[in-house]
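Please build the complex by placing chain B on the supplied structure of chain A, with the hints as guidance.
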Amino acid sequence: MKATLWGTRGSLAAPGPETVRYGGNTSCVEVRSAGGAVLVLDAGTGIRRLGASFEPGLKRVDILLTHLHMDHVQGLGFFAPLFTPGMEVHIWGPSSATMHLRERLTRYLSPPLFPVLLRDLPCDLQIHDLMRGELAIGPFQVSADLISHPGPTLGFRVSEGGRSLTYMPDHEPALGMKDFPGPARWMSGFDLAAGTDLLIHDTQYIDAEYAVRAGWGHCTITHAFRLAELAGVKHLVGFHHDPSHADEMLDAMAAEALGSRQWPFRYSPGLEGATFTIA
Amino acid sequence: MAQLAIELILLRQWASYLALPVFIAGADGKLLFFNEPAEALLGHRFDEFDEVPLERLAEIFVTTDEAGAPVSRTKHPLGVALLRRQPAHRRLHIRGFDGVTRLIEATAFPIEGQQGGFLGAVAMFWEAHKR
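Residue numbers (the working numbering), protein chains in the order written: chain A, 1 to 279; chain B, 1 to 131.
For the record, the hints were derived by calculation from the structure and aren't laboratory data.
Keep in mind that the hints are not guaranteed to be accurate.
[Unchecked claim] Heads up, incomplete: computed chain B residues facing chain A, CB under 7 angstroms, no partners named:
| # | residue |
| --- | --- |
| 1 | M1 |
| 2 | Q3 |
| 3 | Q114 |
| 4 | Q115 |
The beta carbon of each residue, even a glycine, is placed where N, CA and C say it ideally should be.
Next up, chain B with everything else stripped away, as it sits in the complex:
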């Protein structure tokens, strides 16, 4: 596999030091990296994964809105960042690998590299407090 762009490599190093779950997806929508806090949600270590298409991630995470309605991939902040190349933020319920449903705030933004090249998107999850 070819080496990734430096912007993505440096994002991975940054994410690996954060205590909140971070997901990095490539421009083609494949999940390239997730950090240790994200591993806890997924129930898998990053080293165990090949690149995961975004559709597969939706299967792993059961995602609903605050009213309990399913959230499609295109409405998920990471999907918005990837497909529309716009930043997005949303409160969601996710049920991770451990079966626990959590209320989170998800923020995602597109990665625009040097010369405006679109390289993918980053999503971060925060545990949210009920309103």
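Pulled out of the complex, with its shape left as it was, chain A reads as follows:
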């Protein structure tokens, strides 16, 4: 299984000379099985380049949406497979208490926000409500669970051949906790992360920012480190970078979080274009 980061930015696309290394596109990760099956995690602006990269002959793509905030769906209307006749595209994501995923998506993918209607897309589009539970998608086993973030928001654990990747790009596990991390049983996202080979996780803030943004649905790089340590994660990838954080600041955040301590996992800052082999 291989994961490629096509968009690592959070909240808002942030292209510019100061974000060239970490990238400006919003959340999108491609997961490829050993046999070439494609799973796409979120449809932020990074999905446009991903869609243009697919090899001719690809017949099916599955997109898992963590939630429907704009930075996770904005690229959907620019994803080439949606406009490819005969292409099978499955979109999986959370319903709300009152609306199915299809209705929720059409709030964005319809005029006046977008000119093309979902029903007019030429591909074979299938939209599936997904909440907590397990499902098989081709060679992938997917575990989904609700995690701490405003509105129904899923985290995913994708497994193939005994290896796993966990994806929680928008996550506030420390919300309201006086002594983070606390016991595992009371930690949002713990089961999805426990023992995973690769954890792609929210690292949006530094401590001073979190102090004034608690409840916005994100966490600090320190929180992510502590969660990864408690959960026995093997490799942590920092993700969902704040749009105001330039490359130099993101380097400094990683250096400070790593400090002089020997953490029991490997850490990689999430750079757009980075690829991780999970074998």
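Using the frame of chain A, we list chain B on its own:
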């Protein structure tokens, strides 16, 4: 022990900031959490407890109605919320760990998670004024 559902985790964080006693029970009837004001009534810190079956809670609290008759677990608002999955409110006398009998108003409601999943119930106690 497996991680609890996010709805329960967030309820705990909410309860931990309130100044009135709050109890959270799981769908199986076990008491999962109580906050600091509830600790004062129970005479125990939450950290000292394993999960407590609801029957045990009835032993800790001596609960009677306004006329002094015992209130069974199934008639207690938390019991109603858990067993019948309905909201319930009732005036009760409780004698807590400290031996003091208090007139309280107890409100409980079932926790229905996403997709209608039943996850347990919450009970809150208010000190009541005599009529």
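Hints versus structure:
{"no.": "1", "hint": "M1", "result": "5 angstroms, holds"}
{"no.": "2", "hint": "Q3", "result": "4 angstroms, holds"}
{"no.": "3", "hint": "Q114", "result": "5 angstroms, holds"}
{"no.": "4", "hint": "Q115", "result": "5 angstroms, holds"}
When the structure is compared with the earlier hints, no violation turns up for any of them.
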